[in-house]
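J.: Sequence:
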Amino acid sequence: MSDDVEYIVPRLALDPTETTTSGSSSPQSREFQTKSVQPNSIHNTNDDASQDASSTHSTDVSIEQLGSLVDDLAACDETFAEAPARALRTLFALSEHPTLHEINRIRMIREANGRLVPTLLQFLQQCDPNSSEQYLALLVLNNVSIPSENKRIVAVDHKGAKILSKMLCWYPESSLISIILVNLCFCDSALRMHLVQNENGDGDGDGDDYNDSTCAYIIEAFAYALQVSTLPEDEELPIVPQKDKTPRELLRQLQQATGTGASTFTHLPFSQNIAHPETAKWCMCGMKHLSRPSRDPIAAKTLIQAGVLGVILRVLQVGSGSARQASNDFHRFSSGDYKGINIDNE
Numbered sequence: 001m002s003d004d005v006e007y008i009v010p011r012l013a014l015d016p017t018e019t020t021t022s023g024s025s026s027p028q029s030r031e032f033q034t035k036s037v038q039p040n041s042i043h044n045t046n047d048d049a050s051q052d053a054s055s056t057h058s059t060d061v062s063i064e065q066l067g068s069l070v071d072d073l074a075a076c077d078e079t080f081a082e083a084p085a086r087a088l089r090t091l092f093a094l095s096e097h098p099t100l101h102e103i104n105r106i107r108m109i110r111e112a113n114g115r116l117v118p119t120l121l122q123f124l125q126q127c128d129p130n131s132s133e134q135y136l137a138l139l140v141l142n143n144v145s146i147p148s149e150n151k152r153i154v155a156v157d158h159k160g161a162k163i164l165s166k167m168l169c170w171y172p173e174s175s176l177i178s179i180i181l182v183n184l185c186f187c188d189s190a191l192r193m194h195l196v197q198n199e200n201g202d203g204d205g206d207g208d209d210y211n212d213s214t215c216a217y218i219i220e221a222f223a224y225a226l227q228v229s230t231l232p233e234d235e236e237l238p239i240v241p242q243k244d245k246t247p248r249e250l251l252r253q254l255q256q257a258t259g260t261g262a263s264t265f266t267h268l269p270f271s272q273n274i275a276h277p278e279t280a281k282w283c284m285c286g287m288k289h290l291s292r293p294s295r296d297p298i299a300a301k302t303l304i305q306a307g308v309l310g311v312i313l314r315v316l317q318v319g320s321g322s323a324r325q326a327s328n329d330f331h332r333f334s335s336g337d338y339k340g341i342n343i344d345n346e
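Residue numbers (this note's numbering): 1 to 346.
These are computed hints drawn from the structure, not numbers from a lab. All residues carry an ideal CB built from backbone N, CA and C; glycine is no exception. Hints may be right or wrong, so weigh each one.
[Said to hold, decoys possible] Restraint-style ranges between C-beta atoms, simulated for each label pair:
| no. | residue 1 | residue 2 | range |
| --- | --- | --- | --- |
| 1 | Pro129 | Gln65 | 24 to 34 Å |
| 2 | Pro238 | Arg107 | 21 to 31 Å |
| 3 | Pro232 | Ala83 | 22 to 32 Å |
| 4 | Gln122 | Asp60 | 19 to 29 Å |
| 5 | Glu102 | Glu82 | 46 to 56 Å |
| 6 | Pro297 | Lys243 | 42 to 52 Å |
| 7 | Gln125 | Asp71 | 16 to 26 Å |
| 8 | Asp128 | Glu233 | 29 to 39 Å |
| 9 | Asn130 | Arg86 | 33 to 43 Å |
[To be verified] Computed cross-link-like contacts, DSS-like style, restricted to lysine-lysine with a CA-CA straight-line distance of at most 30 Å:
| no. | residue 1 | residue 2 |
| --- | --- | --- |
| 10 | Lys301 | Lys288 |
| 11 | Lys159 | Lys301 |
| 12 | Lys288 | Lys159 |
| 13 | Lys245 | Lys159 |
| 14 | Lys243 | Lys159 |
| 15 | Lys243 | Lys301 |
| 16 | Lys245 | Lys288 |
| 17 | Lys301 | Lys245 |
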């Protein structure tokens with residue numbers, strides 16, 4: 001395990017492992033793991049959540065409690081009540097057990113009839129944005145998304161990639177949502193292909209026949225959140241993201257409202273101080289990983305069609321402010337010198 005890397009939210013560590021389709025490991029992917037969260041590593045708005053999570057001793061909890069904990073989350077009428085808060089603290093402790101966290105994370109999404117992940121996803125959609133309960137639920141979901149054995153179950157079987165892609169568009173200020181999606185993208189090539197295989201419809205390149213029942217819209221969610229995150233920090237969002245719209249539809253609305261798109265790379269509104277630099281950084285990381293060279297360049301084609309290459313170039317070239325910080329972080333991440341971790345540049 002590599003050294004911890006501390007960001008605003010949460011404390012992270014990079015794990016240079018990737019499980020291939022055959023089940024073997026190779027140093028081609030990095031996991032962003034939430035470690036034992038301390039108050040000084042959490043954004044101020046979530047200090048209470050971090051203190052609550054840290055107050056539950058992971059050695060005092062047992063996987064045998066999982067069923068009742070999931071029941072407490074599923075049965076709550078108010079997401080901010082004490083019962084779901086206690087359940088989330090205990091679930092987080094289970095996923096952070098000092099000696100059993102790895103096996104716990106694998107067991108947690110399979111036991112209790114596999115109800116944890118769908119319950120967490122449903123709970124998250126009921127939470128107030130940027131609330132402590134939303135943050136704790138995201139921490140738990142991030143931890144159980146880390147094992148390679150869990151990624152397909154979380155992303156595909158429980159439609160986690162699709163739901164989180166929508167949530168990223170609703171709450172682009174939550175960089176933790178983008179981190180979870182990036183973790184799910186750090187997977188074997190078969191799963192990466194599955195996550196983007198419906199992005200171009202029948203393959204004719206126009207993307208107008210998306211299959212809404214299976215398409216996660218993950219690239220377009222990254223593209224939408226990146227473009228929103230790179231708006232000037234004091235600028236009002238030009239559209240109100242409607243929850244019944246797909247990320248693809250929201251991206252089109254945003255580009256129409258801002259006059260940006262694939263043919264307007266040189267006329268993009270930009271500011272030295274962007275709205276959400278952390279989200280911007282992780283969205284670029286997710287798009288980079290999904291568009292890695294492969295036998296089928298469908299993800300790269302979708303990225304080009306999303307019309308955000310100009311935004312990426314402007315972020316990488318900007319000279320100062322928070323946009324420069326996002327650019328510097330992404331350069332280090334992509335250049336193989338990110339906090340001493342070798343990043344694959346195949």
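J.: Of the numbered hints stated earlier in the document, which are not met by this structure?
T.: Those not satisfied are hints 2, 3, 5, 6, 8 and 9.
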